[in-house]
Amino acid sequence: MPVQKKRVRHGRATRRKVLSTSDPKFQLRFEKARRTWEAKLLSLAEAARSSEQLSEHDMAVRINARA
Amino acid sequence: MLVPEKLATPPPRQEIRFQAIEGVSLASILQLPDPHFVSRADAHRQLDYIDGYVRHQALGCKSVIVEEHYIDRDYIEDYSVFYSKCLTSYANFCRRVHFFSLLPNELKKELRRLRHLRSQSEQNSEYMNACNMFSDSHYIGFAVIKPLPGCPVGRTVLRPLPEQSESGHVRKFKCVCDFDVHTLGVPLQVAGLPFQQQDLGVSACATTALWMCLHRARQLEGGSLATPSQITIRANQFTLPFGRPMPSEGLSLDQMCQAVQSLGYSPSLYRSKMYDVTRALLFSSLASGFTPVLILDSRVSEDRHAVALAGMAIKRSAQNHNTLELRHRAEDMVGLYVHDDRYGPYLKATIAKQEEKFIVRYQLSNKTEDWQLTHILVPLHAKIRLSFGELYRAGLKLLHSEIQPFLQAIGARGTTTWSPRIFRSHIYIDSLLKRPGMDQIVQRLCETVCLSRYVGVIRFETDALDAFDVVLDTTSTERNLDCIAVVQLGSKKPVTSDLCSMIAKTYNAITIS
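Residue numbers (the numbering used here), protein chains in the order written: chain A, 2 to 68; chain B, 279 to 791.
If we strip away everything but chain A, and leave its shape as in the complex, we get:
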């Protein structure tokens, strides 16, 4: 009877799949996601910017609550 060869696995299951950020497919997905997230977070960035723009009226209000 022919001897059955044992199949030997060389640890492929545990090896890390190397991520290449320069891979064109990754780049395509990345750029698409970037546009989506930029649009999502735009209103927060604008609100944060306008919260630092104060008018003369803001500065002149009297603060004087009494006990």
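Read the hints as simulated data drawn from the structure, not as lab findings.
One or more hints might be untrue.
Just so you have them, the derived chain A footprint on chain B, three or more residues with Cβ under 8 angstroms [said to hold, decoys possible]:
1) 540 to 550
2) 686 to 700
Calculated lysine-lysine pairs in the DSS-like style (CA-CA distance at most 27 angstroms, straight line) [to be verified]:
3) 783(B) to 26(A)
4) 771(B) to 33(A)
5) 33(A) to 631(B)
6) 26(A) to 551(B)
7) 41(A) to 593(B)
8) 770(B) to 26(A)
9) 41(A) to 783(B)
10) 26(A) to 675(B)
11) 635(B) to 41(A)
12) 41(A) to 631(B)
13) 770(B) to 41(A)
14) 675(B) to 33(A)
15) 551(B) to 41(A)
Owing to the predicted nature of the structure, the values given are computational and were not obtained by experimental measurement.
We put the beta carbon where it would ideally sit given N, CA and C, even for glycine.
Since the structure of chain A is provided, determine the placement of chain B on it from the hints.
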């Protein structure tokens, strides 16, 4: 004889009283006189609040020590500027009340033991450790009682309530200051944010809120403390929009900024426009240990009010793991601990969103008070040029340009949590060392990166990656913002180093992993 006998006054005599507080109010112990034209309830509201606070189950005050003659720097300065010029003579000294969680006999015994230990212990550290242990276990803090019948509560430093609350949230008090106190020959310690009530002579709410908040700013950098009268004088140095500076008629935001600037700090100012952004800015300030002053607008009258924030209540909420989401750590903030000079220290307030308005709600025993937050004023060290608003925007930029697209491109799921903060660089290093297994990373960071005095740190956490920090130079400004380092806080998820390297390459920073 140098002084004629008729003019000579004997030196003041100290008198110390131990008193159990069970069944007797603080006002009775102090035998305070009633004010003539203000109701007793109004004049003693803050004192009664403090009385109730120290008796809280978690603090368990059982006795007080009253020092009958105490010179308080803030009061004697106010006295010099204002009260010494009244027709009626006010004393130039105060009383000081110390609160302890021991009965008077136990307390006397413990203080005697500590004094005895001083002569017995060869090492100074042994004695100091014993005193510190005593303070940690039994000392709740102190209140200065001014000789002013209408506003008796002066500088008061009380320990905040413990971190774990009965209702399940966590109390965070990063804005407290350390105080060394001496009574009966024993050195004691307490950490708290100072409080005092407004007197409407030298200070109204705006001055008092600044006074509280500047204590914390001073803790970070040292330097001299500003008294209420100094703050009011500096605020009114160049403009008098509301007439005379004293008796205090209140301050404008402009005057508050003038006072902060003239005392050596930079006033960083924000207007509350969008609830989420306001909450994020408050969180960042409190988590960084910078006490913000809140400007509040009454919802029922024309009043504007200023209070100082001492801490926040945090409650972790469930996170979504099925889709790629984003949340600021501020979403966990469910309440604030407010130093309100009309009521008392560490007053719990809940926060609510009404349209985009940020509502601060006091749940008082007999009523609910709603205030709308309009402005936030944070005194910062002059070298912190990067504001919390700019740090927030830098975080958003990293999220939409790098982090979230990267996670989406690799097919990751889950919520990315982010929190921007500003630290003294050595405090940041120390916080890293508190995490297990970080000593190598800290060594690499210290050996390769030059850190600015204060660093902006944006932490990103998600299930798909190890947590990592993006460290920014706070001496730079938004247009020329410099990223100093990207610090990887774990090594379990290798894809993290791909993202960290990508960020470091884009922003010309050093990766530490």
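Structure-based check of all given hints:
1. 540 to 550: holds (count 4)
2. 686 to 700: Contact hint for the stretch 686 to 700 of chain B vs chain A: holds, 3 residues under 8 angstroms.
3. 783(B) to 26(A): holds (20 angstroms)
4. 771(B) to 33(A): Answer holds: residue 771(B) to residue 33(A) is near 24 angstroms, not above 27 angstroms.
5. 33(A) to 631(B): Roughly 33 angstroms between the alpha carbons, so the hint for residue 33(A) and residue 631(B) is violated.
6. 26(A) to 551(B): Violated. Residue 26(A) to residue 551(B) sits at ~40 angstroms, over the 27 angstroms cutoff.
7. 41(A) to 593(B): holds (26 angstroms)
8. 770(B) to 26(A): Measuring from Cα to Cα gives roughly 26 angstroms; hence the hint holds.
9. 41(A) to 783(B): holds (25 angstroms)
10. 26(A) to 675(B): Since the Cα atoms of residue 26(A) and residue 675(B) sit roughly 23 angstroms apart, the hinted pair holds (cutoff 27 angstroms).
11. 635(B) to 41(A): Given pair residue 635(B), residue 41(A) holds - Cα atoms ~21 angstroms apart, limit 27 angstroms.
12. 41(A) to 631(B): It holds: about 21 angstroms lies between the C-alpha atoms, which stays within 27 angstroms.
13. 770(B) to 41(A): violated (30 angstroms)
14. 675(B) to 33(A): holds (16 angstroms)
15. 551(B) to 41(A): holds (18 angstroms)
When the structure is compared with the earlier hints, violations turn up for hints 5, 6 and 13 and for no others.
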